[in-house]
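Asks: Residue-level listing of the chains:
2 protein chains.
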Amino acid sequence: MYTLGIDFGTESARALVVDARDGREVATVVHSYAHGVIDEHLPGRDRPLPPDWALQNPHDYFDVLNKAVPAVMQQSGIKPEEIAGIGVDFTSSTMVVTTPEGTPLCFQPEWQSNPHAWVKLWKHHAAQPQADQLNETARQMGLAWLDRYGGKISSEWFFSRVLQILQEAPEVYQTAGRFIEAGDWITWQMTGVETRSACMAGYKALVQDGDYPTRDYFAALDPRLADVIETHLSRKFVQLGSEAGRLTPQAAEWMGLRPGIPVATAVKVTGPGRMLMIMGTSGVHLVMGERLQTVEGMGGVVRDGIVPGLYGYEAGQTGFGDLFAWFVDHAVPPEYFDAAKKQGIHVHKVLENEAARQKVGEHGLLALDWWNGNRSTLVDADLTGLLIGATLATRAPDIYRALLEAAAFGTRLIIETFERHGITAEELVLGGGLPEKNPLLVQICADVMGRTLQFSGTTQASALGAAIYAAVAAGLYPDVAAAAEKMGKLKPDVVKPSAANKAVYDRLYAEYKSLYDHFGRGQNDVMKRLKSIKLEALTGHHAYLRPS
Amino acid sequence: MYTLGIDFGTESARALVVDARDGREVATVVHSYAHGVIDEHLPGRDRPLPPDWALQNPHDYFDVLNKAVPAVMQQSGIKPEEIAGIGVDFTSSTMVVTTPEGTPLCFQPEWQSNPHAWVKLWKHHAAQPQADQLNETARQMGLAWLDRYGGKISSEWFFSRVLQILQEAPEVYQTAGRFIEAGDWITWQMTGVETRSACMAGYKALVQDGDYPTRDYFAALDPRLADVIETHLSRKFVQLGSEAGRLTPQAAEWMGLRPGIPVATAVKVTGPGRMLMIMGTSGVHLVMGERLQTVEGMGGVVRDGIVPGLYGYEAGQTGFGDLFAWFVDHAVPPEYFDAAKKQGIHVHKVLENEAARQKVGEHGLLALDWWNGNRSTLVDADLTGLLIGATLATRAPDIYRALLEAAAFGTRLIIETFERHGITAEELVLGGGLPEKNPLLVQICADVMGRTLQFSGTTQASALGAAIYAAVAAGLYPDVAAAAEKMGKLKPDVVKPSAANKAVYDRLYAEYKSLYDHFGRGQNDVMKRLKSIKLEALTGHHAYLRPS
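If you read the protein sequences in the order shown, they are chains A and B.
Remember, this note's numbering sits 1305 above the position in the first sequence when you count from 1.
Remember, this note's numbering sits 1305 above the position in the second sequence when you count from 1.
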């Protein structure tokens, strides 16, 4: 039998048909969203969105079911009846605002022009004041769960957005029947049943030990929010590897599959002693621990969050592939595009090839990789990017390399933070699309960390994870560990660090840490003051940003 | 009668024919050097030059006499006998290494492949260790003249390069007959007489009160240097507005002029109470004072240095137009070049137009304008550029505007430093090519400083200055003040500051100053450590850079 894994990412989704016996990938389709990230203005409208907004259009998610799944089925040559189950992974927290029946509010003509009626993508950072309020209130009330989120809720988390809607668009809050993770929403569309992934609820919606924060907490945030769970959410949690529901005839017709097969929500899978580092648009670090630890700035720790019986720790880098893509799209002069055309390769590869010829430190640059804020360890969306060391001789490949290095320094800092709290990983495994595309990035990561890096057996780690959970939900394996053992293998190749490079990177990393602390921990809050001035210039109002 | 002013700049030279009665510009020719700035490898050779080298080819200077002067004469329609004199201004310190007869060493086949045989351009920054040694020795010996250079000799100054040649290429030092300012060298080629401009010698070669530093000082630097003045330089100083010599028949033939007319060395001219700010490749600030003051990080103060009877103070910004040109050449994506082509304008203008639509602070960025080091007030070529505040929404016009603002902040800081030492200017006058080309830059400068800005009556302030000195040397006026009164006028237009913009810029300037001190005054010497690592990567040797 086979299973289907669907991974909804930031710019695109991947559908993967996998042989459930051994994890062999039979077919893959990558589907780019038609609307992608909506951060300039709503479709068909001119009015610019405020800074830090990032929305999506749920039509893009439907397209994945309607187009990508039939395409991958056709490519696979597998018959619909050979698909035993479907697993869905979705970048979270990405929140859909719907009617009580599950129709996105932005599909309704009367709400179309209100940005708060649209899907708030994980990288929507405009709810930072609300995140600050969530943190402050939890601290004042001495709520223990705050530590499980590294001491700080992010603007990317679920209730930051709920509170933003309540404060900025109370009419949307009143009208909305449901606030729901997009992963749960698409599962609802497939199964006809509204459920909540226990994993996503744990990491993003403050569910710990089986429930949300108390009514008191919500009331303290805003009296109107006291009943939010009862009025807008649900406590019907589904554990990973359990079925959330079964495919409806209508959804089966969209997708060209058999009705009645189980649908499961999923996350990336990893095992104890292994850190899985997904390098895509953003970076995600997952590691298992047997004990509960609090770690500064981690994204969250949830028991059974990844694998039953273990604590799943998650951390992240908000700008990873995004950062390199920004650079290529907005800061590379024409000559490199001409060279790419001439050589018949992507401009990323031209830059990578030139950067790879350099010795470590040769470009004289250092960057803080905060173009999209900092998730771990500082949990601060108001931090911004920094580049130091530029001269008139600085060229695009120099900066490109400095950005790769900054991302690697950010990863090292996260790993060291985990290690300082006793959460160690003997194996570092790379997943996501970037490691295969960018060998220089991988070598830099190995050299910066001084660690041997392994590779997930698939470039579609998230979609494969979804297919693994689907196999468990379909009853083909007794549990996730057994399914992962058979279906999720590592590649035989490894990348080893160079000791000479590591020695130079240690010096650069020391500089990185010093700037990290200086600008990220309140010694000089210039980034926040610049952002305040920016918001004032754009809105005409005084803006206050909480100091680090 | 008419005079001819020639201004030798970094990338090009300008020849200007001026009516000596009223300063009217009859004709101008701008001539780009064929070799320009040699900073990658010597002409016809592959071996890369080390970082921070910047050389030139004296053939480029000859071309100005052979091509640009005949061209401007033809354009002017003036007969050769109507030209009463020639003035020469040259960006200094730019040093030619010659045989005793004045032939550049790099013209000789046996020396062609040695970079030290070539002209060291003012922006050659590789003599920083030697500048450090000059400063340290002068401090240890308690030499008073050091204060007249703001307490620090720059790597751009004359003896930094002489010492670099002695240490790194003693064979070139031994063989060289003369070390000479390029302005004095080209005057020598025109007149057949070797002289030294008292002004350039004062600002760049440590001549104070009529002589170089003592033999003891040179011997303390290196015993082999004890006789350097006697063996390699000259004390035949020529004051501004005096003739350095008369045009030889050979030079007259090259240039299409009459032999025997006086040739004078020149600088930009300004008067008391007025600061002249030349904004070109680099930025130069000239102001007169009646008393001798020491000012931190000024380029130099020389009595009679600009106008007889007054102290001429000079300060500078090593990266000005250079910085914006770097950005346009190396960090602007193709879409802006496409837009420029479509609109039939230069890409600078596309960026300027988009940047001009922004409110102050809207881009959220701040830069330190140190892409080419910092001349005033820190006198430190090892400082580098910094950009802070970047996000995924940052676009090229944002960064372009931030760089214009950084240059303006740097100018404000220089003016405030002068003012703190009692050297004030009621009038701020802009010269050089940039102010006319970039109205946004001028408005930003006015807003940042909160001062009304005036414009030199010419975009060729340096060439006009040269023509003014030529008129004095030719005896058409009794002194520089009288000539400048008639020939050097201001434009009627002024640019006034916006109080609202000034208020926001005051906040941004406070952030600029804080970063300036942090990275420029030793609180965090990361820029120098990055540069050390860079030099080590490139040379394989341990590099030590003096802390701030």
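Hints listed in this document are in silico derivations from the structure and should not be mistaken for laboratory results.
Just to be clear, a hint being listed does not mean it is correct.
Copies of the same chain are indistinguishable here, so a pair counts whether it falls within one copy or spans any two.
[Unchecked claim] Restricting the straight-line Cα-Cα distance to at most 25 Å, the calculated cross-link-like pairs of lysine to any residue (SDA-like) are:
id, residue 1, residue 2
1, Lys1647, Gly1561
2, Lys1807, Arg1725
3, Lys1664, Glu1345
4, Lys1807, Leu1843
5, Lys1372, Asp1643
6, Lys1664, Thr1844
7, Lys1654, Ala1698
8, Lys1801, Glu1731
9, Lys1654, Pro1639
10, Lys1794, Gly1550
11, Lys1647, Thr1404
12, Lys1742, Pro1639
13, Lys1647, Arg1540
14, Lys1664, Ala1431
15, Lys1647, Ala1376
16, Lys1654, Asp1643
17, Lys1742, Gly1515
Just so it is clear, the structure is predicted and the values come from calculations on it, not from any experiment.
Asks: May I ask which of the numbered hints given earlier this structure violates, with the numbers listed in increasing order?
Replies: Hints 1, 5, 10, 11, 13, 15, 17 are the ones this structure does not satisfy, whereas the remaining hints hold.
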